[in-house]
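> No gaps in the numbering here: position 120 of the sequence shown is 120 in my numbering, and each next residue is one more.
Rather than coming from a laboratory, the hints here were simulated on the basis of the structure. This one's a predicted model, so the numbers in the text were calculated from it and none came from an experiment. Treat each hint with caution, since some may be false.
[Claimed, not checked] Simulated restraints, written as ranges between beta carbons of each label pair: (1) F57 x K292: 35 to 41 Å; (2) D356 x R59: 44 to 50 Å; (3) W45 x D356: 29 to 35 Å; (4) G270 x R56: 22 to 28 Å; (5) L296 x E19: 53 to 59 Å; (6) H131 x S73: 51 to 57 Å; (7) R56 x N29: 24 to 30 Å; (8) L296 x D69: 50 to 56 Å; (9) S192 x A318: 55 to 61 Å; (10) D356 x L296: 38 to 44 Å.
[Claimed, not checked] Cut-off 27 Å, straight-line C-alpha distance, at most; resulting in silico cross-link-like pairs (DSSO-like, lysine-lysine): (11) K211 x K197; (12) K292 x K237; (13) K141 x K208; (14) K211 x K186; (15) K42 x K91; (16) K237 x K267; (17) K208 x K197; (18) K186 x K197; (19) K331 x K237.
Each residue gets a CB set at the ideal place from its N, CA and C atoms; glycine is no exception.
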Amino acid sequence: QLKFAACYQSSTAAGGVCERAFDGRTNQNYGAGSCTHTNAEKGFWQAAIKGFARVRFVRIYNRLDCCSDRLNSFSIFLDGQECEQSYSSRKSFSVKTFSEAPNVAMQTVFNRCWRRLQSAIDNNDHQLYGHKSCTHTKNEKGWWQARTKSLSHIRTVRIFNRMDCCSERLNNFVIMVDGHECASYKSNSFFSIRAFKCNRIGQVVTVKNRKTSPLTLCEVQLGWWQATLKERSLVRKIRIYNRLDCCSERLNDFSITVDGQECASFKSSGFFSVKTFQCNKVGQQIRINNRKRSPLTLCEVQTFVGCFFESNHWPDFASLASTSNDMNRQKCNCLCSKRGTSVFALREGNQCRCGDNYGNNGEAERSDCRLPCAGDSNQICGGRMINAVFEVDKNHC
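Full structure from sequences and hints, please.
Here it is, written out as structure tokens:
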């Protein structure tokens, strides 16, 4: 959780100073002295965090003793830029989490650089200098820099070298994002095209020469991922149950893809009984690809969506399918499959609930879903007023 350093709001009324919004208390009764308050206006609340950071989500606790409907039309900004998600509804909420929109492409598009440097981002990857698609500095320890339109997760940086001559000049440099080094290259040889793993959050990309020579770049491309959220779909984890009566070693070399994008893989000389793979991909079609010539046998595949807080006032899962001393994931999956819902939730160790929506009361930590299932102590069945949510798999009922 990020720490706020200072705050400001458009006005203060009824003693509701801005600092109350991050005092560590989540009491939603105004009389408890933990809620802010402005005058009747199109007001704002603003705070600065300590240092530069990637803001993955913003969680807002609404007032509940009265007036909850006031907080029903607002936007969230980060450094003056409106986040993808805003809120406008006739309904009120208790606690709501606004997170990164998973269907938004993190496409890094350059919008600010000097004209003499634009050759490196003109979408022309021709590697002959005479085609006027390469940059050139003086004979110095020079640098090239450009800025993306917005804060981005820069996974890779791909550089196209000059090939008509002088390729060996580009053999000792570093790549930085917002001043932090993410990759470097030093070699006696040269390359034509090379992709560098970066994995940094930021906006300003710099290629800095570490030796005294002209810096020539024919194209610089940043890697991104893109997906479309059709219904649900942030696939956080995939749990696979292997066959154990024999042949377990067959399942020891495979990859997992979501909509054609690999999110996890496994290769080992041994075998496993049950294994959970971190995925964190957005999509709808999950595929397990066997990478060797052998039968592919899967006893169960479960897609874990995440852990989410529940509320008595605004429940995500009001429909209780069953409370049972032999509750486990397989049983709850089939109960909700018969009801035609898209997801199921396990809670309190023995409750199965069915539904189609989740997350309206905020996301919990994975460690909060630690209660074992009453029917299988090796499985988790949520927590106290916390749902462990899974996608329904109709093929295993």
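> Against each hint, give a clear statement of whether it holds in the structure.
A quick look at each hint next to the structure:
1. Remark: the range hint 35 to 41 Å for F57 to K292 is upheld by a beta-carbon distance near 40 Å.
2. In this structure, D356 and R59 break the distance hint of 44 to 50 Å, their C-beta atoms being roughly 22 Å apart.
3. A hinted range of 29 to 35 Å for the beta carbons of W45 and D356 is consistent with their spacing of about 33 Å.
4. Distance hint for G270 and R56: a CB-CB separation of about 35 Å, inconsistent with the stated range 22 to 28 Å.
5. The beta-carbon spacing between L296 and E19, approximately 57 Å, falls within the hinted interval of 53 to 59 Å.
6. In this structure, H131 and S73 meet the distance hint of 51 to 57 Å, their C-beta atoms being roughly 53 Å apart.
7. Restraint check, R56 to N29: a C-beta distance of roughly 29 Å satisfies the suggested window 24 to 30 Å.
8. Distance hint check: the CB atoms of L296 and D69 are about 53 Å apart, consistent with the given range 50 to 56 Å.
9. A hinted range of 55 to 61 Å holds for the C-beta pair S192 and A318, which are about 60 Å apart.
10. At roughly 31 Å, the beta-carbon separation of D356 and L296 lies outside the given 38 to 44 Å, and the hint is violated.
11. Proximity of K211 to K197 is assessed by CA-CA distance (about 22 Å); at most 27 Å being required, the pair is judged to hold.
12. At roughly 23 Å between alpha-carbon atoms, K292 and K237 fall within 27 Å of each other, so this suggested pair holds.
13. A hinted pair counts as satisfied when its Cα atoms are at most 27 Å apart, and K141 with K208 qualifies at roughly 7 Å.
14. For the suggested pair K211 and K186, the alpha carbons sit about 10 Å apart, so the restraint of at most 27 Å is met.
15. Straight-line distance between C-alpha atoms of K42 and K91 comes to about 19 Å, which keeps the hinted pair within the 27 Å bound.
16. Distance hint between K237 and K267 is fulfilled; the C-alpha atoms sit about 18 Å from each other, no more than 27 Å.
17. The straight-line distance between the Cα atoms of K208 and K197 is roughly 16 Å, inside the 27 Å bound, and the hint therefore holds.
18. For the hint linking K186 to K197, the alpha-carbon distance of about 15 Å falls within 27 Å, and the restraint holds.
19. For a cut-off of 27 Å, the pair hint linking K331 to K237 stands: about 19 Å separates their Cα positions.
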